[in-house]
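Taken in sequence, the protein lines are chains A and B.
Here the first sequence is numbered in the working numbering, starting from 65 and rising by one per residue.
Here the second sequence is numbered in the working numbering, starting from 65 and rising by one per residue.
Since the hints were made in silico from the structure, they are not lab data.
Don't take every hint at face value.
Unchecked claim - Among chain B residues calculated to face chain A with C-beta under 10 Å, some are: (1) Gln172; (2) Ile185; (3) Pro186; (4) Arg219; (5) Lys220; (6) Ser221; (7) Ala226; (8) Met268; (9) Ala271; (10) Gly276; (11) His289; (12) Gln292; (13) Gln296; (14) Lys299; (15) Lys310.
To be verified - Rough simulated footprint, nothing fancy, chain A against chain B, three-plus residues with beta-carbon under 8 Å: (16) 208-217; (17) 235-244; (18) 259-266; (19) 279-287.
Claimed, not checked - Derived Cβ-Cβ restraints for the label pairs, each shown as a range: (20) Ser67/A <-> Gln296/B: 45 to 53 Å; (21) Arg91/B <-> Asp248/A: 34 to 42 Å; (22) Asp272/A <-> Glu116/B: 33 to 41 Å; (23) Gly177/A <-> Lys310/B: 23 to 31 Å; (24) Gln298/B <-> Gly313/A: 15 to 23 Å; (25) Gln296/B <-> Asn99/A: 38 to 46 Å; (26) Ala288/B <-> Pro250/A: 36 to 44 Å; (27) Glu295/A <-> Gln138/B: 33 to 41 Å; (28) Gly177/B <-> Ser134/A: 45 to 53 Å; (29) Asn281/B <-> Gln298/A: 19 to 27 Å; (30) Asn281/B <-> Glu295/A: 16 to 24 Å; (31) Gln138/B <-> Lys299/A: 32 to 40 Å.
Since we're looking at a predicted model, the values are computed, not measured.
The beta carbon of each residue, even a glycine, is placed where N, CA and C say it ideally should be.
There are 2 protein chains.
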Amino acid sequence: MKSIVLIGTGNVATHLFKALSNFQDFRIIQVYNYNPESLAPFPNVPVTSNPEEIFKADIYLIAVKDDAISSVSQTIKAGEGLVLHTSGSVTLEALEKHRRTGVFYPLQTFSKGKDVDFKNIPVCIEAGNINDLEILENLAREVSHKVYHITSLQRKSLHLAAVFVSNFVNHLYTEGEQICKQNDIPFEILLPLIEETAHKVTQMSPADAQTGPAKRNDKEVINAHLEQLNEQQQKIYSLLTTSIQKLHGKEL
Amino acid sequence: MKSIVLIGTGNVATHLFKALSNFQDFRIIQVYNYNPESLAPFPNVPVTSNPEEIFKADIYLIAVKDDAISSVSQTIKAGEGLVLHTSGSVTLEALEKHRRTGVFYPLQTFSKGKDVDFKNIPVCIEAGNINDLEILENLAREVSHKVYHITSLQRKSLHLAAVFVSNFVNHLYTEGEQICKQNDIPFEILLPLIEETAHKVTQMSPADAQTGPAKRNDKEVINAHLEQLNEQQQKIYSLLTTSIQKLHGKEL
Chain A
65 MKSIVLIGTG NVATHLFKAL SNFQDFRIIQ VYNYNPESLA PFPNVPVTSN
115 PEEIFKADIY LIAVKDDAIS SVSQTIKAGE GLVLHTSGSV TLEALEKHRR
165 TGVFYPLQTF SKGKDVDFKN IPVCIEAGNI NDLEILENLA REVSHKVYHI
215 TSLQRKSLHL AAVFVSNFVN HLYTEGEQIC KQNDIPFEIL LPLIEETAHK
265 VTQMSPADAQ TGPAKRNDKE VINAHLEQLN EQQQKIYSLL TTSIQKLHGK
315 EL
Chain B
65 MKSIVLIGTG NVATHLFKAL SNFQDFRIIQ VYNYNPESLA PFPNVPVTSN
115 PEEIFKADIY LIAVKDDAIS SVSQTIKAGE GLVLHTSGSV TLEALEKHRR
165 TGVFYPLQTF SKGKDVDFKN IPVCIEAGNI NDLEILENLA REVSHKVYHI
215 TSLQRKSLHL AAVFVSNFVN HLYTEGEQIC KQNDIPFEIL LPLIEETAHK
265 VTQMSPADAQ TGPAKRNDKE VINAHLEQLN EQQQKIYSLL TTSIQKLHGK
315 EL
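Go ahead and model the full structure; you've got the sequences and the hints to work with.
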């Protein structure tokens with residue numbers, strides 16, 4: 065059995081805590097966070113807000129905000145323990161104070177209060193040395209069916225790709241919702257389309273799945289659409305239309 | 065029992081044909097298309113490619129490309145029959161040659177060879193007069209649980225919103241796939257995130273679901289991301305980041 069101190073109490077930490085609660089090979093023996101109030105939702109496990117009181121453990125799992133990883137890592141006396149962070153955009157070097165380091169990056173959007181099935185979340189792992197990679201692989205396989213070896217450089221690109229397919233996509237949903245609101249249309253009408261559009265790319269490449277007026281170069285529809293939009297929406301519409309046409313070899 | 069002549073043999077026509085095959089109150093009595101070869105995949109039903117041979121029917125359901133609707137509609141001698149089209153971006157007036165007109169617009173992305181459950185597809189209906197709206201409502205309820213009364217003006221906006229949440233979203237998936245390819249990362253790592261991002265907005269407003277470096281105004285991550293992108297991708301990244309920040313009240 066390997067012992068884990070979980071560092072952090074945000075969305076990722078909370079979901080990891082739940083996912084790691086029922087396993088025998090790895091056990092969370094303590095949760096640490098600088099703010100004592102944030103520790104209240106972690107019952108049945110020792111907690112501390114004093115870095116001096118952090119237990120000795122096999123693994124220190126840092127699940128805090130990106131810009132806090134380096135400084136939090138400095139406060140931990142890990143000794144021979146393996147220190148991991150969970151960020152998509154922070155390199156392994158942020159932990160360089162420590163002898164044994166690694167990354168355990170679950171690629172998913174976490175919200176407080178919304179359960180996720182961790183078994184289906186891809187976990188991207190990286191380690192400073194090959195022996196630790198094996199420990200990380202075992203830990204990752206405890207919580208997920210989907211484990212990938214990803215370098216710091218690849219992880220940086222993956223995080224960027226995730227911004228496109230999740231954060232930016234969500235913003236387009238928001239624009240769609242605004243257009244509906246302005247015209248007294250219930251946004252729910254769009255939900256089956258949204259889900260099918262996402263599901264489709266699990267079965268075919270998004271490049272092949274592209275449809276719509278931009279792909280067809282249907283100028284009449286494109287111009288009619290532009291007339292209905294405000295300035296900011298027009299910019300988005302024009303740029304994405306141009307981009308689709310460049311990719312599919314058509315000119316505006 | 066009301067008889068239907070289905071006009072068109074594309075994706076929408078094919079899926080409608082399947083959805084309407086098993087009902088008693090409405091029955092497709094013939095499929096028409098100008099190209100005889102396209103009629104081959106419609107067995108067990110009379111077909112014709114000669115507009116003079118179109119049967120007399122209660123309903124003529126035109127499921128052809130947007131820019132062909134008006135001209136195809138001219139070739140039909142509908143008499144007292146109800147003439148419908150299935151387009152999101154064409155007004156009711158495109159059918160104005162006919163006495164009784166309506167719109168039956170299923171809001172979904174259809175691909176040949178990929179089955180869809182029509183029961184969950186929202187069908188947006190509109191009719192030239194109130195009695196025909198009732199017939200349309202009955203027809204729509206035969207194939208779907210989700211029926212909405214939507215005016216031509218609303219339908220135009222709905223179609224535009226659909227471009228944002230489906231066509232443009234799919235293009236962002238494509239950009240994500242390209243970033244993965246360029247860095248030897250399997251695109252499948254992103255699929256659970258893509259599906260969860262879509263699923264999330266069935267439970268909360270996309271405006272509330274927004275996360276990411278743009279929302280947090282994390283300039284360090286934003287600048288690092290921009291450095292990794294080509295010119296076209298940088299334009300998209302900058303514009304959508306600005307747009308998210310305007311919406312959420314932050315300045316770059």
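To see whether the hints hold, each was checked on the structure:
no.: 1; hint: Gln172; verdict: holds, 6 Å
no.: 2; hint: Ile185; verdict: holds, 6 Å
no.: 3; hint: Pro186; verdict: holds, 5 Å
no.: 4; hint: Arg219; verdict: holds, 9 Å
no.: 5; hint: Lys220; verdict: holds, 7 Å
no.: 6; hint: Ser221; verdict: holds, 4 Å
no.: 7; hint: Ala226; verdict: holds, 6 Å
no.: 8; hint: Met268; verdict: holds, 8 Å
no.: 9; hint: Ala271; verdict: holds, 5 Å
no.: 10; hint: Gly276; verdict: holds, 3 Å
no.: 11; hint: His289; verdict: holds, 5 Å
no.: 12; hint: Gln292; verdict: holds, 6 Å
no.: 13; hint: Gln296; verdict: holds, 6 Å
no.: 14; hint: Lys299; verdict: holds, 6 Å
no.: 15; hint: Lys310; verdict: holds, 7 Å
no.: 16; hint: 208-217; verdict: holds (count 4)
no.: 17; hint: 235-244; verdict: holds (count 9)
no.: 18; hint: 259-266; verdict: holds (count 8)
no.: 19; hint: 279-287; verdict: holds (count 4)
no.: 20; hint: Ser67/A <-> Gln296/B: 45 to 53 Å; verdict: holds, 49 Å
no.: 21; hint: Arg91/B <-> Asp248/A: 34 to 42 Å; verdict: holds, 35 Å
no.: 22; hint: Asp272/A <-> Glu116/B: 33 to 41 Å; verdict: holds, 39 Å
no.: 23; hint: Gly177/A <-> Lys310/B: 23 to 31 Å; verdict: holds, 28 Å
no.: 24; hint: Gln298/B <-> Gly313/A: 15 to 23 Å; verdict: holds, 21 Å
no.: 25; hint: Gln296/B <-> Asn99/A: 38 to 46 Å; verdict: holds, 43 Å
no.: 26; hint: Ala288/B <-> Pro250/A: 36 to 44 Å; verdict: holds, 39 Å
no.: 27; hint: Glu295/A <-> Gln138/B: 33 to 41 Å; verdict: holds, 39 Å
no.: 28; hint: Gly177/B <-> Ser134/A: 45 to 53 Å; verdict: holds, 51 Å
no.: 29; hint: Asn281/B <-> Gln298/A: 19 to 27 Å; verdict: holds, 24 Å
no.: 30; hint: Asn281/B <-> Glu295/A: 16 to 24 Å; verdict: holds, 22 Å
no.: 31; hint: Gln138/B <-> Lys299/A: 32 to 40 Å; verdict: holds, 39 Å
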